[in-house]
Every structure is written in structure tokens, then in C-alpha cells.
Amino acid sequence: ETGVTQTPRHLVMGMTNKKSLKCEQHLGHNAMYWYKQSAKKPLELMFVYSLEERVENNSVPSRFSPECPNSSHLFLHLHTLQPEDSALYLCASSQGPNQPQHFGDGTRLSIL
Amino acid sequence: QKEVEQNSGPLSVPEGAIASLNCTYSDRVSQSFFWYRQYSGKSPELIMSIYSNGDKEDGRFTAQLNKASQYVSLLIRDSQPSDSATYLCAVITLGGATNKLIFGTGTLLAVQP
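In order, the protein sequences belong to chains B and D. Residue numbering for the first sequence follows the numbering used here, beginning at 13 and increasing consecutively. Residue numbering for the second sequence follows the numbering used here, beginning at -5 and increasing consecutively.
For the record, the hints were derived by calculation from the structure and aren't laboratory data. Backbone N, C-alpha and C define an ideal beta-carbon position, used for all residues, glycine too. There's no promise every hint is true.
Which residues of chain D face chain B? A few of them, derived with a C-beta cut under 8 angstroms, are [stated by the list, open to error]: (1) 22; (2) 24; (3) 26; (4) 33; (5) 34; (6) 37; (7) 38; (8) 47; (9) 55; (10) 95; (11) 98; (12) 102; (13) 106.
Extracted from the complex, chain B is given alone in its bound form (with noise of 0.2 angstroms):
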């Protein structure tokens, strides 16, 4: 495999439910980011991870829970969601912070 890599592609909740998003890259990238997508609005950055160590959180709920257990693995935990919050979730990584960033195909979550 390569590039990065997002599971799952859709992801459809309840409000009380717990679930997690998953991105891996194979890139040997140093960097891991989440962005959320939404409608008409531009890419908004939530989490910055460097070297496995959250250097940004962008105001972010903390509804949102991010883990990042090594270089190339990135967790967004996600628990009692609102329906503001569906949106297409994007995990990226570059090598350093002023590096071009490859993002993964993104998963698209509805919050029911």
C-alpha cells in the first residue's frame, strides 16, 4: 500500500454512539494532521500531530479525541456527536511542517 490510508469511507451515528476513524501513511511522513470538510466552508484544520506529539489543537469539542500511537498511525475518536458535525473528515501527513501535505480519501460521517 501506499500514500495514506482512511478507514471507513462512510460512517453513519447516533448521537450517543462511540466510534473511532483510523488513518495510516506510508510515507515515512513525520507530521499527521485531521481536517474537517464541510459544505462550502473551507478545510478546517483540528489536530496537528509532530513526531507522535500534538503540537496543535485548534479549539476543537472535546467531543473529539485524537491518538496518535506512532508515526504512521492516527486515531480520531468520536463520542456523543451532534448533527453539526457531519462532515467529510480528511487525515493528511508531510515530512515536516513546511512541507506539501498528501491527504487520504476521507471518511464521510452522518450523524444521525
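Given chain B, work out where chain D should sit, using these hints.
For chain D alone, kept in the frame of chain B given last:
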């Protein structure tokens, strides 16, 4: 003021024409600039990066950067229907514990056969 601004379009050009996509940014100290292409239902795909003033050419794509005017553009020559997509301008700005990649809302390009 938005940090990265793009005209949302749609920008409609005939097949074979030059498509010109524009972007302005607010952070004067930005050093790294990128263009991503995003097809409907897909993730953004990096197509160009530019770091210094002037033009950078890659196949049918040319990125142009003018730091004094805080302006970056993307030209697509000999546009093809397969170029129809949303083009996202992204700029790395300095801030907090790490630099941030800030995206514009994107310009929808429609190439008419």
C-alpha cells in the same frame, strides 16, 4: 479578513483554453504556497507547490507567486474536461506551536467540451 481568499466560481472555460485561477492571502510572512485539486467526492490532491517569486511550470500547469502583492495564481493551459474540479489554494502561515496550512474555499472550474 479571510486568511486565504479565492473566487468560488464556477469558472467556465472552453476545452483548449487557458484557465486562470487566483488566490490572495493575508499573512505577509507566508513562505510556502500550494495548489490542490479536489474532484467531487474525493480528497484534495497536491498539484503544485511554489516557494519563491515568479513562475513555476509543470506540464500544463504554471503557478505564479507575487509576495509583494500577496497573490498566487494557477494557470492551466490547453484545459481538458478532466480538469473540471475544485482548485484549492493553500498557504502555510506561522502561528502557535507549529506552522499551519490554511486553505481557501476553492474555485470550481468547469471545462466545457
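Here's how the hints hold up against the structure:
1. For residue 22 of chain D, the interface hint is violated, since its Cβ never comes within 8 angstroms of a Cβ in chain B; the closest pair sits about 16 angstroms apart.
2. About 10 angstroms separates the beta-carbon of residue 24 of chain D from the nearest beta-carbon of chain B, more than 8 angstroms, and the hint is not met.
3. With its C-beta approaching chain B no nearer than about 5 angstroms, residue 26 of chain D sits inside the 8 angstroms limit, and its interface hint holds.
4. Interface restraint check: residue 33 of chain D against chain B, minimum CB-CB distance 11 angstroms, threshold 8 angstroms, status violated.
5. The interface hint given for residue 34 of chain D is broken, as the beta carbon of that residue sits about 11 angstroms from the closest beta carbon of chain B, more than 8 angstroms.
6. At a threshold of 8 angstroms, the smallest CB-CB gap from residue 37 of chain D to chain B is about 4 angstroms, leaving the interface hint in force.
7. Below 8 angstroms, beta-carbon pairs count as interface contacts, and residue 38 of chain D has one with chain B at about 5 angstroms; its hint therefore holds.
8. Because the smallest distance between the Cβ of residue 47 of chain D and any Cβ of chain B comes to about 17 angstroms, over 8 angstroms, the interface hint for this residue is violated.
9. Taking 8 angstroms as the C-beta contact cut-off toward chain B, the hint placing residue 55 of chain D at the interface is violated, the least distance being around 14 angstroms.
10. At its closest, the beta carbon of residue 95 of chain D sits 6 angstroms from a beta carbon of chain B; the interface hint therefore holds under the 8 angstroms criterion.
11. Among the interface hints, the one on residue 98 of chain D holds; its C-beta lies about 6 angstroms from the nearest C-beta in chain B, closer than the 8 angstroms criterion.
12. A cut of 8 angstroms between beta carbons decides the hint on residue 102 of chain D: the least distance to chain B is about 11 angstroms, and the hint is violated.
13. Nearest Cβ of chain B to the Cβ of residue 106 of chain D: about 24 angstroms, over the 8 angstroms cut. The hint is violated.
The earlier numbered hints that this structure contradicts are 1, 2, 4, 5, 8, 9, 12, 13.
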